[in-house]
Amino acid sequence: MFQPKPINLIPKLVQAKVPVWLVAAIVAVDIVVVQVGQSHEPNCELTYQSPHYSTSVQESLRQDAIKFNLTSNCTENQTHTELKITISSVDEGLEKVLLKSNLVQQDASKKDRTKAHFLEFWVLCKRGGTEKYLSNAHGSVLLQSGKRISVSNSIDKPLAILCEPKAK
Amino acid sequence: MSLFEDYLSLGFWMNDKQRLAIYKYLLKTKGSIYKTQARKLIKEKFMLDCFANGEIAYSYNCGVVSFKARKIGEKEFDEERRSMKLSKVEKVSIKRLVKFFAQAEVDVLRNYPIPKNKDLEERSYAMNVYPYYDLNYYSNGEGKAKGLLMKFQYKDDELLDKLLAS
Chain A
1 MFQPKPINLI
11 PKLVQAKVPV
21 WLVAAIVAVD
31 IVVVQVGQSH
41 EPNCELTYQS
51 PHYSTSVQES
61 LRQDAIKFNL
71 TSNCTENQTH
81 TELKITISSV
91 DEGLEKVLLK
101 SNLVQQDASK
111 KDRTKAHFLE
121 FWVLCKRGGT
131 EKYLSNAHGS
141 VLLQSGKRIS
151 VSNSIDKPLA
161 ILCEPKAK
Chain B
1 MSLFEDYLSL
11 GFWMNDKQRL
21 AIYKYLLKTK
31 GSIYKTQARK
41 LIKEKFMLDC
51 FANGEIAYSY
61 NCGVVSFKAR
71 KIGEKEFDEE
81 RRSMKLSKVE
91 KVSIKRLVKF
101 FAQAEVDVLR
111 NYPIPKNKDL
121 EERSYAMNVY
131 PYYDLNYYSN
141 GEGKAKGLLM
151 KFQYKDDELL
161 DKLLAS
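Protein chains in written order, with this note's numbering: chain A, 1 to 168; chain B, 1 to 166.
Please note: incorrect hints may appear among the correct ones.
[What the hints assert, rightly or not] To be clear about the criterion: a stretch of chain B counts as covered by chain A if any three or more of its residues have a C-beta under 8 Å from a C-beta of chain A, and this derived list gives those stretches:
1) 7-14
2) 53-63
3) 121-131
[What the hints assert, rightly or not] What follows is a list of derived Cβ distance ranges for each label pair:
4) B:Glu76 x A:Val90: 39 to 49 Å
5) A:Gln63 x B:Ala165: 19 to 29 Å
6) A:Lys100 x B:Phe77: 41 to 51 Å
7) B:Lys85 x A:Asp91: 39 to 49 Å
8) A:Glu41 x B:Lys151: 35 to 45 Å
9) A:Gly146 x B:Leu149: 30 to 40 Å
10) A:Glu92 x B:Lys85: 44 to 54 Å
11) B:Glu122 x A:Ala24: 54 to 64 Å
12) A:Gly146 x B:Lys144: 19 to 29 Å
13) B:Pro115 x A:Gln63: 13 to 23 Å
14) A:Gly129 x B:Glu158: 22 to 32 Å
15) B:Gly141 x A:Val29: 13 to 23 Å
16) B:Lys35 x A:Thr47: 42 to 52 Å
It should be emphasised that the hints constitute simulated quantities derived from the structure, not laboratory data.
For glycine and all other residues, C-beta sits at the position ideal for the given N, C-alpha and C.
Please model the entire structure based on the sequences and the hints provided.
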């Protein structure tokens with residue numbers, strides 16, 4: 001009677017000539033891909049939007065002022081950002097605090113909920129003069145997920161700003 | 001137009017000392033109105049009010065009063081903005097509510113000022129984390145004891161005198 005000859009598959013597979021380095025590389029790539037996929041840690045940044053002479057303060061209050069707008073920008077939607085800011089002027093190495101804000105809460109922008117724009121910080125200046133400013137701001141962002149992330153930024157080197165509207 | 005009416009259009013351009021001056025001015029000039037409103041709110045649990053270009057919805061539930069705000073003409077109220085625990089003693093609650101109403105109106109003025117000459121830019125809601133009636137406001141969150149000390153040292157903005165004299 002005919003009996004089929006069993007094919008000895010297992011030894012053939014074991015003997016497959018796949019280089020060890022290739023197996024190691026595939027495993028390594030797999031681990032990296034999985035980790036990158038999992039690293040969705042949210043991140044937020046606080047930035048100064050180039051301090052400038054404020055024409056809007058001039059129009060509203062008839063006063064000359066330098067405005068320090070800030071934006072917190074996150075990789076996820078936020079509920080709001082809370083912030084304290086200090087603005088100082090520097091003259092011949094002497095620092096004079098011009099504004100020390102209370103803790104302010106700013107809702108996320110309705111147009112882009114990953115951002116919150118702080119548009120209320122300004123200090124008076126003398127028309128035509130140039131002053132050097134320092135500033136630091138720190139606070140935290142409350143994300144919609146409920147997570148809170150600390151943010152901070154500063155202007156460490158004296159920044160000279162002319163107290164005059166830009167010529168049109 | 002009175003000086004106070006002028007400030008109703010300044011909204012987010014006011015600095016914090018000026019806002020505190022407005023708060024104190026409201027407490028001094030609207031005290032009796034606030035007391036009447038406080039009794040009404042305790043009795044009816046809900047109250048709608050307008051200030052500057054905003055509407056305020058107060059509600060009172062389980063001993064806690066809170067408010068929501070919106071720009072006049074908007075359909076939806078925003079989220080709850082502030083809340084305050086009231087006392088079981090009505091007199092104390094009314095005293096607290098008077099401060100709460102003044103705070104709510106200053107918050108609304110900050111966000112929804114009366115448009116003056118041109119349309120105001122759209123901004124998202126901003127507020128001080130610590131209300132003026134909380135001693136933490138004066139210490140900027142560094143405790144009520146320090147806040148009390150700093151409150152005694154605090155010098156009112158000249159705007160308060162100007163408003164009271166006008």
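Status of each hint after checking the structure:
1. 7-14: holds (count 3)
2. 53-63: violated (count 0)
3. 121-131: Contact hint for the stretch 121-131 of chain B vs chain A: holds, 9 residues under 8 Å.
4. B:Glu76 x A:Val90: 39 to 49 Å: holds, 46 Å
5. A:Gln63 x B:Ala165: 19 to 29 Å: For Ala165 of chain B against Gln63 of chain A, whose Cβ atoms are near 21 Å apart, the range 19 to 29 Å holds.
6. A:Lys100 x B:Phe77: 41 to 51 Å: violated, 33 Å
7. B:Lys85 x A:Asp91: 39 to 49 Å: Given about 48 Å between the Cβ atoms, the range holds.
8. A:Glu41 x B:Lys151: 35 to 45 Å: holds, 41 Å
9. A:Gly146 x B:Leu149: 30 to 40 Å: Between Gly146 of chain A and Leu149 of chain B, where Cβ atoms are some 35 Å apart, the hint holds.
10. A:Glu92 x B:Lys85: 44 to 54 Å: holds, 51 Å
11. B:Glu122 x A:Ala24: 54 to 64 Å: holds, 57 Å
12. A:Gly146 x B:Lys144: 19 to 29 Å: This hint holds: roughly 27 Å between Cβ atoms.
13. B:Pro115 x A:Gln63: 13 to 23 Å: With Cβ atoms ~20 Å apart, the hint holds.
14. A:Gly129 x B:Glu158: 22 to 32 Å: The hinted range 22 to 32 Å holds for Gly129 of chain A and Glu158 of chain B, with Cβ atoms some 24 Å apart.
15. B:Gly141 x A:Val29: 13 to 23 Å: violated, 49 Å
16. B:Lys35 x A:Thr47: 42 to 52 Å: 46 Å Cβ-Cβ, so the 42 to 52 Å window holds.
In summary, the structure is inconsistent with hints 2, 6, 15 from the numbered list given earlier, while agreeing with the others.
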